[in-house]
Amino acid sequence: MRMSDLRKGDVVIIKGIKSDLVRAQAIRFGISEGNQVCVEEVLPKGPIVLRRGLMRYALGRNLTEQIIVEKAKVKKHG
Amino acid sequence: MAKRQNQAAATTTRVVLVGNPNSGKSVIFNSLTGMYVDVSNYPGTTVEITEARVGNRVYVDTPGVYGISAFNDEERVTRDVVLTADLILNVVNAVYLERDIFLTLQCIDMGLPVVVAVNMLDEAASQGLKVDLHLLSNLLGVPVVGTVAVLNKGFAELHAALEQPKTGIIGDYLRGAQGDLLAKLGSPAEVMLYLEDDKDIAKRHGLKPPGSREKTYLARKERVNAIVGQVVREDYSQTGFAAFLGKLMLKPLTGLPLLLGTLSAMYHILGVFIAGSIVGVTEERIMLGVYEPFVRRLVEGVFREGTLMWTVLVGEFGLLTMTATYVLGLLLPLVIGFYLLLAILEDSGYLPRIAVLLDSSLTSIGLNGRAVIPMILGFGCVTMAKITTRLLGTSRERLIAITLLAITIPCSAQLGVVVGLIGPLGWPYVVSYIGTIVATFLIIGTLLHRLLPGKSSDLLIDIPPLRLPRLGNVLKKTMNKSYMFLIEAAPLFALGALAITALELSGALVALQHFFAPLTVGWLGLPREAATAFIMGIVRRDFGAAGLAEMDLTAAQTVVSMVTITLFVPCIASVIVMFKERSFKEALVLWLSAFAIAFLVGGLVARVIF
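The listed protein sequences correspond, in order, to chains B and W.
Note that the first sequence covers residues 75 to 152 in my numbering.
Note that the second sequence covers residues 522 to 1131 in my numbering.
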């Protein structure tokens, strides 16, 4: 499924990021394919706020449509 | 290495500070050099390269970046500065090692001597994080020092470490690739940049980017995780009011009311308290009541009333009377007030949350949430804000942001005058002013988004924790920026005053007023003398606004004149920046469009309102 379809509270594993540039930027931030992230907030038609460890990130809506994710086996995180 | 150090000791060492936004790099630069630079909680304040010489070291500050990857202009600037370094002082945020060590490893992988300052150890401790600095130093192969820069802690150790820099352990992922490439490209730094697909570096050596960036990044990220996993021990359960409020700020349902509340509080402080009560004292009582009669008497001891020098110094547009009163009595209190509020906003970590909240609205005008930062800074000083647009991802976004800044965003000094004039007129007038400016902003933005070719980038930011701004930081920053305002504005004001006096004495002012009468009187419905204010506005819009403030205008005329002067051409300093950041052609087109749009919209408002 696409990251844009996620709802608040979902815990997912990132499977694929389409754009080369975005993938590289995301790696520098500490997010890459295979990482588990938690959806902290979804703004209507707006960005998605993710949490990974202590870090929080906001990703624009268009971007989230290009990121493929998979629901993680439910394991309480943080 | 040994050779390099000997050389450096004989001459000077260039210490380049590199760090992520929000790492406290600017505070460290400030403490090392004794100079004050911006200290901020959001990306993009240290936009210009600042250098300072202390003893045999030259410290160079760079923009806060997440990596040296040439993803935007700031990163390109940082790369070019780093390539001139004898030694890199890398500042990392102890709370976010997971994010910041990537850049650290990039610096080390460039084969340059590095010293790492792990900053904000106090904040990490308060979040239950413990960083093993000794182990970190061993894993990186370079000296590591813990600091709390805002409290001046760790500088003795830092100075000692700077005496003994070391090149670190280059990642396995790069070590194999050195041999032939090193001979060809000249330095390990350029080898790394080339292997990470830096287009400019590849081009410089007549090569094509090899397409190995992602592989290198992933391997480096693995190393980051391995290092952070070993050196950070965490024991946290972050709750508390700040975390709660931070969450509320992100949800539209609570975030928008909080934003509106913040803005209206700012309006009340700036527009009602400062523009009314404070300026009433500084402008009317002090400058007009005490200072001007005093300076007039002083000058009249030397030059007789009516002589040329008398007119230049203390006449209607006198250098010592009008210029001094406008700058010190009217504008300075407003500017100080605005920068104080802005500094609090910046240091609290609220700005990135506003960026998230407004992202979807900004997407419709071809920008993303990040553009909130230059836009809000624009309310402080449009000139500074234009430089900040470097943090935007594409040239297209920069053009849109610069255009909107140049035309529709009033700077603090001007905004203060506008608020002071329109505020007392009541809500219908306030709403029609704000409505007009916002509508113009949206129309220009939408048109540019539709017409300009290409695609804008998407929002991808990290959100720092909310924190209570430190008073010392906020005050220092406010003082520094207000001082910059004085330095920049006063000479331009003096120039403007001289020009107006010259125009008046030669009779050209009346001629110009007649010439522009169809525009000012016929189209805008203002008194003929308003032309003088607009001529002053060419130098700086706040100068023009101040001129209009002195005139006797009806409520409707006030709104029309304020709309026109807000949309009017940006100040001379800002035009120069536009010229430097973009091109002569773009700057000229923008300047002329601002002229046309200001009078067009002003006239339309006049048609509706009268």
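Keep in mind the hints are simulated off the structure, nothing from the lab.
Just so we're clear, the structure is a prediction, and the values are computed from it rather than from any experiment.
Every residue gets a Cβ at the ideal spot worked out from N, C-alpha and C, and that includes glycine.
Incorrect hints may appear among the rest.
[Claimed, not checked] On the chain W side, residues computed to face chain B include the following (Cβ under 10 angstroms): (1) D594; (2) F623; (3) L650; (4) D653; (5) P731; (6) F765; (7) L878.
[Said to hold, decoys possible] These stretches of chain B come out as covered by chain W in the derived footprint (C-beta under 8 angstroms, 3 or more residues): (8) 84-92; (9) 96-103; (10) 108-121; (11) 135-147.
Here is how each hint holds up against the structure:
no. : hint    : verdict
1   : D594    : violated, 15 angstroms
2   : F623    : holds, 5 angstroms
3   : L650    : holds, 8 angstroms
4   : D653    : violated, 17 angstroms
5   : P731    : violated, 14 angstroms
6   : F765    : violated, 13 angstroms
7   : L878    : holds, 7 angstroms
8   : 84-92   : violated (count 0)
9   : 96-103  : holds (count 8)
10  : 108-121 : holds (count 7)
11  : 135-147 : holds (count 3)
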